[in-house]
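Asker: These protein sequences, in sequence, are chains D and U.
All letters in the first sequence, in the order written, are residues 1 to 128 by this note's numbering.
All letters in the second sequence, in the order written, are residues 1001 to 1366 by this note's numbering.
One thing to keep in mind: the hints can contain errors.
To be verified - A few chain U residues that face chain D, going by a derived Cβ cut-off under 7 Å, partial list only:
(1) 1034
(2) 1035
(3) 1229
(4) 1324
Stated by the list, open to error - Cross-link-like lysine-lysine pairs, in silico, PhoX-like; alpha carbons within 25 Å at most:
(5) U:1132 - D:102
(6) U:1239 - U:1295
(7) U:1239 - D:97
(8) U:1263 - U:1132
(9) U:1166 - U:1221
(10) U:1266 - U:1061
(11) U:1366 - U:1221
(12) U:1061 - D:10
(13) U:1279 - U:1079
Derived by calculation from the structure, the hints in this document are not laboratory data.
Ideal Cβ placement from N, Cα and C applies to all residues, glycine included.
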Amino acid sequence: MYPAELKYTKDHEWVKDLGDGTALVGITHFAQDALGDVVFVQLPEAGSSHQQHDEFGTVESVKTVSELFMPMACEVVEANGELEGHPEFVNEDPYGKGWMLKVKIAGGLPADLLDAKAYEALVSAESR
Amino acid sequence: MTDLKKTPLNAAHRALGAKMVDFGGWDMPVQYPAGIIAEHQAVRTQAGLFDVSHMGELRVKGLDALRFLDWLTPNAVAKLEVGQIHYTGFLTERGTFVDDLLIYREAGDDFLLVVNAGNIAKDFAWVKEKAKGFEAAVTDESDATGQIALQGPEAEAILQGLTDLKLVDIAYYFFKRGTVAGLPCLVSRTGYTGEDGFEIYCRAEDSEAVWNALLAAGKDKGLIPAGLGCRNTLRLESKMALYGHEIGDEIHALEAGLGWTVKFDKGDFLGREALQQAKDAGLPRRLVGFRTLEKRDIARDGMPVVKDGSRVGFVTSGAPSPTLGQNIGLALVPTVDATAGTRIFIEIRGKAAEAEVIPTPFYKRK
């Protein structure tokens, strides 16, 4: 449920370091499960710059809306255009087809990102 | 944390993998693994099964039961046949809502009142208080009663195999007592989804048996369990009021668009004077249906309706509509803006999102 090679935030986003100064960003299984059926994802445009913890978009589900927070300082390279027609990818495949942003990392990955174990512990505590 | 109340089907929901939530103090399924959209579509195209056992059942019985209820509520109780049901409200002196409910006429002097789960204690106390001076006994049967709603085009076919009742003889807003899965039940052709379907009342201890029998009988007709999430989207598409949203202590029957339940041509009833005055004065605000124009704009409950920077109304219920593929909602707006085609603006997270007033119900079954 929480792939070991990814990093996580306490706001339930994941980060995949692509090794070339860029990364992919999305939301975790826990987040998509809590939201329920996703109907719309609002994402920033390519070229926009963001600080860590900036609100960069929203995820709307049938019953609620949730804000998205940038896991690290970056510049958006690309937003996943498929989500416009297939918001359900976020539910069906949150780490694959449901990816949200490709970004150029500014200043390296923050030290406060969680590894899979730490994130899993956080989720178990939250589920209680 | 106080313990949540549980219906007799609580274990059944958990066994089905339901996601449970606190709904007004009740531990209820918001969805099952299929998800809200799939459950909603199932009800519209095949059938869905809802646990509504948390709802309340009050009984008013006695020589004055009819006279009492005809004074207590705005709809014409005297016109109900035995075996017939109507939708109505408990109104305050101001014509606003204590609750909305269905009244089932079981006999000349015997009425079953089905009320909202969150208002059972309030309604019971209120009805008992108002009954003083009338020869009518008011009792609360909620804890002894289970209720299951089977809704969708396949509902009749699914239920017929389990009941001794001839369902084709039960018209919309009528009911009969008989058996379902061999157990004594009251079966009404009513529902909160806009589809054909039945609400089945049984003894609390029989709920699980009835639930399981229905799920098994409906399996090859596409019946799936359905939770409160899709119950809300279904009723919203059908423009059915939800207490605390379209009706409540601050909204009266006429501005809520429920004038059809108010029978001014019968004798006196609680709230009559206030409603007559409101009607004569003209309504300054009304409930309308709307759809937002941009896919990204989803109006949610409570969001303000704005005009020239100030708040002129509010959204009573808003959600994406799975059947229509639009973002819809109901809102209280100034009467001048209450005609179809009018553009209104809803403040969504600080931004004025454009919406169009459209006719309701948003969806009507064929």
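Asker: Hint by hint, say whether it matches the structure.
Answerer: How the hints compare with the structure:
1. With 7 Å as the threshold, the beta carbon of residue 1034 of chain U stays out of range of chain D, its nearest partner Cβ sitting at about 10 Å, so the hint is violated.
2. The beta carbon of residue 1035 of chain U is positioned within 7 Å of a beta carbon in chain D (closest approach about 5 Å), and the interface hint is therefore held.
3. Because the closest C-beta pair between residue 1229 of chain U and chain D is about 6 Å apart, less than 7 Å, the hint holds.
4. Given the 7 Å rule on beta carbons, the hint for residue 1324 of chain U is violated: about 12 Å separates it from the nearest Cβ of chain D.
5. Distance restraint check for residue 1132 of chain U and residue 102 of chain D: the Cα-Cα separation of roughly 70 Å exceeds the 25 Å cut-off, and the hinted pair is therefore not satisfied.
6. At roughly 21 Å between alpha-carbon atoms, residue 1239 of chain U and residue 1295 of chain U fall within 25 Å of each other, so this suggested pair holds.
7. Between residue 1239 of chain U and residue 97 of chain D the CA atoms are separated by roughly 36 Å; this puts the pair beyond 25 Å, and the hint is violated.
8. As the CA atoms of residue 1263 of chain U and residue 1132 of chain U are separated by approximately 24 Å, the hinted pair is consistent with the 25 Å bound.
9. Only pairs whose Cα atoms come within 25 Å are accepted, and residue 1166 of chain U paired with residue 1221 of chain U is accepted, the gap being roughly 20 Å.
10. For a cut-off of 25 Å, the pair hint linking residue 1266 of chain U to residue 1061 of chain U stands: about 21 Å separates their Cα positions.
11. At roughly 19 Å between alpha-carbon atoms, residue 1366 of chain U and residue 1221 of chain U fall within 25 Å of each other, so this suggested pair holds.
12. Pair hint residue 1061 of chain U plus residue 10 of chain D does not hold up; C-alpha atoms about 57 Å apart against a cutoff of 25 Å.
13. Pair hint residue 1279 of chain U plus residue 1079 of chain U holds up; C-alpha atoms about 24 Å apart against a cutoff of 25 Å.
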